[in-house]
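For the record, the sequence lines run as chains X and F. Residue numbers for the first sequence follow the numbering used here, beginning at 2 and rising by one. Residue numbers for the second sequence follow the numbering used here, beginning at 5 and rising by one.
Keep in mind the hints are simulated off the structure, nothing from the lab.
Distance condition first, Cα-Cα at most 25 Å in a straight line; then the derived SDA-like pairs of lysine to any residue: (1) F:K308 <-> X:P142; (2) F:K153 <-> X:R115; (3) F:K308 <-> X:S20; (4) F:K290 <-> X:A285; (5) X:K27 <-> F:A369; (6) F:K290 <-> X:D284; (7) F:K308 <-> X:F24; (8) F:K6 <-> X:P265; (9) F:K153 <-> X:G211; (10) F:K290 <-> X:D296; (11) F:K68 <-> F:T31; (12) F:K63 <-> X:P265; (13) X:K291 <-> F:N124; (14) F:K290 <-> X:P265.
Computed, partial: chain X to chain F, Cβ under 7 Å: (15) G101; (16) V104; (17) Q105; (18) V108; (19) P142; (20) P156; (21) V207; (22) E233; (23) T262; (24) A263; (25) S300.
Positions of the beta carbon are idealized from the N, C-alpha and C atoms, including for glycine.
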Amino acid sequence: MAILVDGNTKVLCQGITGSTGAFHTKGCLAYGTQMVGGVTPGKGGTHDANGLPIFDTVREAVDGTGADATMIFVPPPFAADAILEAAEAGLHVICAITEGIPVQDMVRVRAILREYPRSVLIGPNCPGVITPGRRVSGEGPDSVIEGGCKIGIMPGYIHTAKADASTGKAVGVISRSGTLTYEAVWQTSVLGIGQTTCVGIGGDPVRGTGFIDLIERFEGDPETDGIIVIGEIGGTDEIEAAYWIKEHAKKPVAAFIAGRTAPPGKRMGHAGAIIGGTEDTADAKIAAFKACGVDVAESPADLGTTMAKALGLEVTI
Amino acid sequence: MKIHEYQARQLLSDAGIPVPPGQMVETVEDAVAETKKIFASGESLVVIKAQVHAGGRGKAGFVKLVRSVEEAREAADFMLGNRMVSVQTGAEGIEVKRLLIAAGVDIEKEYYLAVTLDRNNGVNTLIASAEGGVEIETVAHDNPDAIHKVPIHPLSGLEAFEARALAKRLGFHGRQIQQAATIMQRLASLYSSLDASIVEINPLIVTPPTDAAPDGRVIAIDAKFGFDDNALYRHPELKAMHDPAEENPAEIRAEEFGLSYVALDGTIGCLVNGAGLAMSTMDIVKLHGGEPANFLDVGGSATKESVTEAFRIILGDGRVNGVLVNIFGGIMRCDTIASAIVAAAKEVGFDVPLVVRLEGTEVDAARQILEDAKADIPSMQTARNLAEAAAAVCDAVA
Chain X
2 MAILVDGNTK VLCQGITGST GAFHTKGCLA YGTQMVGGVT PGKGGTHDAN
52 GLPIFDTVRE AVDGTGADAT MIFVPPPFAA DAILEAAEAG LHVICAITEG
102 IPVQDMVRVR AILREYPRSV LIGPNCPGVI TPGRRVSGEG PDSVIEGGCK
152 IGIMPGYIHT AKADASTGKA VGVISRSGTL TYEAVWQTSV LGIGQTTCVG
202 IGGDPVRGTG FIDLIERFEG DPETDGIIVI GEIGGTDEIE AAYWIKEHAK
252 KPVAAFIAGR TAPPGKRMGH AGAIIGGTED TADAKIAAFK ACGVDVAESP
302 ADLGTTMAKA LGLEVTI
Chain F
5 MKIHEYQARQ LLSDAGIPVP PGQMVETVED AVAETKKIFA SGESLVVIKA
55 QVHAGGRGKA GFVKLVRSVE EAREAADFML GNRMVSVQTG AEGIEVKRLL
105 IAAGVDIEKE YYLAVTLDRN NGVNTLIASA EGGVEIETVA HDNPDAIHKV
155 PIHPLSGLEA FEARALAKRL GFHGRQIQQA ATIMQRLASL YSSLDASIVE
205 INPLIVTPPT DAAPDGRVIA IDAKFGFDDN ALYRHPELKA MHDPAEENPA
255 EIRAEEFGLS YVALDGTIGC LVNGAGLAMS TMDIVKLHGG EPANFLDVGG
305 SATKESVTEA FRIILGDGRV NGVLVNIFGG IMRCDTIASA IVAAAKEVGF
355 DVPLVVRLEG TEVDAARQIL EDAKADIPSM QTARNLAEAA AAVCDAVA
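Please construct the entire structure, taking both the sequences and the accompanying hints into account.
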């Protein structure tokens with residue numbers, strides 16, 4: 002079990018003929034993801050380097066392959082349209098990897114997506130979603146993985162399936178940051194803790210699914226033993242998540258908030274990471290988590306150990 | 005991206021939002037000529053304002069009300085070419101190259117009006133207050149009930165009746181209501197058509213009643229815009245308004261190389277991949293007693309050229325006395341970045357301690373590359389994990 006995607010998920014790539022889309026389609030195939038095709042308007046009827054069929058429209062791709070998820074590498078000016086096309090075609094999981102989509106485009110997309118309650122948008126400006134598969138042979142980047150589903154740009158091999166985890170435990174990971182997610186995954190894997198599913202919700206101010214929706218899904222997933230929440234400065238989603246956790250969550254949650262040292266008013270790489278009022282600082286979010294009984298890692302180097310302790314595991318490092 | 009006040013006034017005026025007559029000038033002579041023109045039109049008061057992006061102009065003496073041509077000449081002479089130092093500029097200040105010369109307006113009452121994104125709901129929102137002329141943050145803190153918020157429908161925009169209702173709530177009356185409501189609707193559509201991140205009119209004022217306008221006139225006195233950098237590709241007219249002299253030169257250079265860089269006040273330079281990890285690296289430096297000198301995200305596809313430039317920018321900050329490199333190689337291979345670090349360090353020359361922490365794809369090969377280069381870069385040490393790296397660089401500069 003996991004959330005959102007698993008080994009049976011059939012995945013499309015929108016923007017499959019672009020260099021980034023092509024590169025990551027290959028990476029997902031190598032991880033064992035069931036990539037079933039791609040979409041590039043005007044190139045329908047051809048095939049990509051891996052032999053995957055290319056379609057002109059998402060609707061044709063869904064009809065032709067039975068796909069239920071997509072990853073979007075379409076350039077920013079066309080990405081909002083690509084998201085809506087995916088929703089209209091009935092895809093359940095839409096991962097928008099593209100960075101740099103205009104905010105007003107996402108305001109529109111978010112309003113229109115209300116008409117498609119069955120579609121979950123992940124991102125934009127995110128690494129994607131992964132449900133790790135089991136390692137059958139090899140090590141490190143050369144590992145051969147089976148039964149997993151990687152949709153996005155994350156390095157697959159750092160993840161650990163629950164069945165491969167020496168502690169027998171696995172956590173869900175939700176994060177606004179890509180490389181910081183890898184850090185959390187790596188630290189838990191080193192401690193013998195697996196991951197059920199890791200979701201990068203993205204660094205933009207207007208995005209698809211958020212902390213509360215995903216925490217709720219992880220709460221309902223029997224395989225997930227705990228949840229890591231990685232937030233940052235900007236917005237107040239983490240604070241709302243903290244109070245939701247206090248009210249509803251039964252599983253242990255460990256949190257980290259990036260940007261304690263960020264100066265106010267300055268954009269820190271992510272378009273969403275700009276401190277505005279008093280509620281959206283790192284300190285305000287950390288205080289809210291602590292007040293709601295969530296264990297907060299003081300240092301990004303303690304993400305794994307904080308989760309391990311919250312799970313009641315002995316930490317020996 | 006930000007623009008100057010005189011440009012913001014032009015945008016408002018083009019959208020049909022009334023502003024007092026005014027003109028941007030770059031010389032004292034032009035300032036005098038514009039002042040004469042305004043006096044000749046029957047006005048008795050002229051305001052002279054330095055055009056810089058930083059706030060705090062009034063307190064710094066760079067906004068002057070004048071009643072004569074001589075006073076105008078004196079004020080323009082003082083401001084042009086001078087450096088304005090305010091709470092927002094830092095000690096070195098900003099050189100003033102342009103002035104706005106505008107007609108002074110008698111004010112009956114001041115309001116605040118803005119449109120920005122409500123991140124929690126993902127919709128644009130009109131924000132207004134009858135307590136104008138002061139910082140909205142102060143109002144939010146002292147009297148939050150005085151701030152009115154109206155969500156703007158993402159697909160259909162702000163309706164006229166919503167604007168009239170808000171105008172009524174703010175205390176506009178009689179013919180002011182229609183004037184204020186029209187300004188609100190025009191501001192909301194200007195905001196979305198220009199892909200603004202914020203547009204703020206402070207103050208929006210009502211003039212005293214006259215025979216021609218018995219309820220007074222509603223006018224925008226000062227305006228600020230911020231724009232979504234990601235949407236500038238579809239606004240060449242805004243790109244043309246960009247004033248690079250107002251930005252940190254190191255941040256502009258970084259952008260050219262695909263680096264995301266923000267200068268800070270500390271002494272430990274940071275080079276990291278990924279925005280979240282870059283922020284966290286600053287945080288962990290601080291936790292170990294150091295002060296980060298910058299935020300720097302090399303992005304997902306760092307090359308030898310971009311890493312070299314990143315080192316140049318970091319070391320170009322004279323306060324930097326140690327550098328921490330923290331890379332989690334995902335798609336980016338650690339051996340590629342290790343080679344780039346070595347080549348860049350050799351080219352730039354490192355006389356301050358350099359601590360490198362790499363993890364992820366091809367890390368073993370990367371560690372070997374760094375090991376082999378240690379003789380050439382004596383100030384370099386490597387760390388196995390993030391905590392060790394932060395401790396090492398903080399120790400090295402202590």
